[in-house]
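Novice: Chains as they are written, first to last, in our numbering: chain A, 1 to 255; chain F, 1001 to 1128.
Hint data in this document are derived by calculation from the structure and do not stem from the laboratory.
Among the hints, a few may not be true.
Straight-line C-alpha distance at most 27 Å; calculated DSS-like pairs for lysine-lysine [stated by the list, open to error]:
1. K187(A) to K1105(F)
2. K176(A) to K81(A)
3. K1083(F) to K202(A)
4. K1073(F) to K132(A)
5. K176(A) to K136(A)
6. K132(A) to K1056(F)
7. K136(A) to K1073(F)
8. K1038(F) to K1105(F)
9. K46(A) to K132(A)
10. K109(A) to K55(A)
11. K187(A) to K58(A)
12. K1094(F) to K202(A)
13. K1073(F) to K46(A)
14. K1105(F) to K202(A)
15. K132(A) to K58(A)
16. K202(A) to K1082(F)
17. K22(A) to K10(A)
18. K176(A) to K1038(F)
19. K1094(F) to K177(A)
Here are a few chain A residues that sit away from chain F, every Cβ distance over 10 Å (derived from the structure) [as the list claims (entries may be wrong)]:
20. D63
21. I77
22. S124
23. T186
Derived DEER-like restraints, expressed as beta-carbon distance ranges [as the list claims (entries may be wrong)]:
24. K55(A) to K1082(F): 47 to 57 Å
25. K1082(F) to R137(A): 24 to 34 Å
26. T1091(F) to E45(A): 45 to 55 Å
27. K176(A) to I1018(F): 47 to 57 Å
28. R137(A) to T1115(F): 23 to 33 Å
29. V1026(F) to M156(A): 28 to 38 Å
30. L1037(F) to N236(A): 58 to 68 Å
For glycine and all other residues, C-beta sits at the position ideal for the given N, C-alpha and C.
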Amino acid sequence: MKIDRRGFLKIGGLGILGVAVKPVIDVVSKVKLAEASAKKRVLVEKRLAMVVNLKNCKEGCTDCINACHGVHNVPDIANPKDEIKWIWTESYEKAFPDQEHRFIGGGMKGSPAILLCNHCDNPSCVRVCPTKATFKREDGIVMMDYHRCIGCRFCMAACPYGSRSFNWRDPRPFIKKINPNFPTRTKGVVEKCNFCEERLAKGLIPACVESCKNKALAFGNVEEPNSEIRGILRSNYTIRRKPGLGTGPQIYYIV
Amino acid sequence: MNNRIIIIAGLIIFLCLITFPIWYNVVGGKAAYAPELKIVSEEKQCVESTKYMRAKHMQLLNDWRNSVVREDKRTYTALDGKKYDMSLSNTCLKCHSNKADFCDKCHNYVEVTPTCWNCHVVPEGNKL
Ligand code: SF4
Ligand code: SF4
Chain A
1 MKIDRRGFLK IGGLGILGVA VKPVIDVVSK VKLAEASAKK RVLVEKRLAM VVNLKNCKEG
61 CTDCINACHG VHNVPDIANP KDEIKWIWTE SYEKAFPDQE HRFIGGGMKG SPAILLCNHC
121 DNPSCVRVCP TKATFKREDG IVMMDYHRCI GCRFCMAACP YGSRSFNWRD PRPFIKKINP
181 NFPTRTKGVV EKCNFCEERL AKGLIPACVE SCKNKALAFG NVEEPNSEIR GILRSNYTIR
241 RKPGLGTGPQ IYYIV
Chain F
1001 MNNRIIIIAG LIIFLCLITF PIWYNVVGGK AAYAPELKIV SEEKQCVEST KYMRAKHMQL
1061 LNDWRNSVVR EDKRTYTALD GKKYDMSLSN TCLKCHSNKA DFCDKCHNYV EVTPTCWNCH
1121 VVPEGNKL
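Let's have the full structure, built from the sequences with the hints guiding it.
Specialist: Encoded structure:
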């Protein structure tokens, strides 16, 4: 076969085009792979979760909120636009908008539900974080590495539960009593519940669970069939917040 | 060239002025002083040797941070086999509780402003 000058240039051009397109194709095919693997349910030995028994929750009690916000140096900023919260209450209807109707009974209508980060199995916040400041640990805790957070707030847009707060201002002046053993946050980072990972490391249960006198909160490993939490889940009917979104929330509610 | 004297005198004054910081320190005897650190702890040694800590404490702290936050591994085994809890607030600051007379002395000297203290809490009474 004889190649003239024009033919040679055509083939060469096509080759260069191929090299230029390859990285794009690589990226696209990787995205597909990541999606597929996120859906696969792998066998893990540990999956931390919590059960909130709303029937035991006494109206007006804020023990869990005080305990959590106290040990974690969560500032108390009254202005709702700047407010920071790790664990908070919201009316049943707002917390479970897809499981609500006009005739809700059992004292649930309008009564407050305890809310916190759901430490989702398939967390949308982790997907969108461009710096991997938000990541999921092997035991299921959705953690934040505040050192890496650039404050882009993608995660806040992605979380369907409003579990995240942004530090619009320096939080320190709003912390009544600083716990010196736990860092505060700084202006410009997002923060949220960490399932008390610093306490778990010392063998303690989460501060909210410890503080609840009414046994409304239980915490444990749901992959362990004989655990207390699995017993509670076996013997009670439980619901989760917005399960249809596919985030796989791991806070279970007895209503 | 009648202005030669004035030009030379002006140049000399100019040179004196721009080298002022150098000769001022030489005359004042303050040239090349080293910052003096106060150690308030009873302990004889830091987690690693002083030489190592002086040169590498920032890398060490970065490694500690990544290990604790991202891998949930919290125990550091030093070269001499001793084990430590990897924590700035709960290990380092237990001995170096005098941030103003320890950390800040060198950091100010070399003009660096580490962001650690934006979040990690400085022990009471040692703020600057
Ligand atoms: S509740 Fe929100 S912040 Fe928590 S893991 Fe799920 S998506 Fe992320
Ligand atoms: S605000 Fe921070 S944690 Fe949230 S997505 Fe951006 S970098 Fe990640």
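Novice: Each of the hints needs a verdict: does it hold here or not?
Specialist: Hints, verified against the model:
About 26 Å separates the Cα atoms of K187(A) and K1105(F), which keeps this hinted pair within 27 Å; it holds. For the hint pairing K176(A) with K81(A), the CA-to-CA distance comes to about 19 Å; that is within 27 Å, so the pair holds. Proximity of K1083(F) to K202(A) is assessed by CA-CA distance (about 16 Å); at most 27 Å being required, the pair is judged to hold. With a C-alpha separation of about 18 Å, the suggested pairing of K1073(F) with K132(A) holds against the 27 Å cut-off.
Among the hinted pairs, K176(A) with K136(A) is inconsistent with the structure: their alpha-carbon atoms are about 31 Å apart, more than 27 Å. Between K132(A) and K1056(F) the CA atoms are separated by roughly 26 Å; this keeps the pair inside 27 Å, and the hint holds. Only pairs whose Cα atoms come within 27 Å are accepted, and K136(A) paired with K1073(F) is accepted, the gap being roughly 15 Å. Note on K1038(F) and K1105(F): the hinted pairing holds, with a Cα-Cα distance of about 9 Å set against a maximum of 27 Å.
Between K46(A) and K132(A) the alpha-carbon distance is near 22 Å, which keeps this suggested pair within the 27 Å criterion. With a C-alpha separation of about 12 Å, the suggested pairing of K109(A) with K55(A) holds against the 27 Å cut-off. A distance of roughly 34 Å separates the Cα atoms of K187(A) and K58(A); the hinted pair therefore is violated under the 27 Å criterion. For the hint linking K1094(F) to K202(A), the alpha-carbon distance of about 18 Å falls within 27 Å, and the restraint holds.
The suggested pairing of K1073(F) with K46(A) holds, with an alpha-carbon distance near 17 Å, which does not exceed 27 Å. This hinted pair does not check out: K1105(F) and K202(A) have alpha carbons roughly 34 Å apart, beyond 27 Å. With a CA separation close to 38 Å, the supplied pair K132(A) and K58(A) exceeds the 27 Å bound. Proximity of K202(A) to K1082(F) is assessed by CA-CA distance (about 19 Å); at most 27 Å being required, the pair is judged to hold.
At roughly 19 Å between alpha-carbon atoms, K22(A) and K10(A) fall within 27 Å of each other, so this suggested pair holds. With a C-alpha separation of about 31 Å, the suggested pair K176(A) and K1038(F) falls outside the 27 Å cut-off, and the hint is violated. For the given pair, K1094(F) sits about 20 Å from K177(A) by alpha-carbon distance, which is consistent with the 27 Å threshold. Interface exclusion of D63(A) from chain F stands, the closest Cβ pair being 24 Å apart, more than 10 Å.
Once the 10 Å rule is applied to beta carbons, I77(A) is consistent with being away from chain F; the minimum gap is 17 Å. Against chain F, the non-interface label of S124(A) holds: every CB pair exceeds 10 Å, the least being about 20 Å. Here T186(A) does not stay apart from chain F, with its beta-carbon only about 4 Å from theirs, under the 10 Å limit. Between K55(A) and K1082(F), the C-beta spacing of about 51 Å keeps the proposed range 47 to 57 Å intact.
In this structure the supplied range 24 to 34 Å holds for K1082(F) paired with R137(A), their Cβ-Cβ distance being about 28 Å. The beta-carbon spacing between T1091(F) and E45(A), approximately 30 Å, falls outside the hinted interval of 45 to 55 Å. Between K176(A) and I1018(F) the beta carbon distance is about 53 Å. The supplied range of 47 to 57 Å therefore holds. Separation of R137(A) from T1115(F) is about 25 Å and conforms to the stated range, judged on CB atoms against 23 to 33 Å.
Against the hinted window of 28 to 38 Å, the Cβ-Cβ separation of V1026(F) and M156(A) comes to about 57 Å, which falls outside the hint. For the pair L1037(F) and N236(A), the supplied restraint of 58 to 68 Å holds, since their beta-carbon distance comes to about 59 Å.
Violated hints for the displayed structure, listed by number in ascending order: 5, 11, 14, 15, 18, 23, 26, 29.
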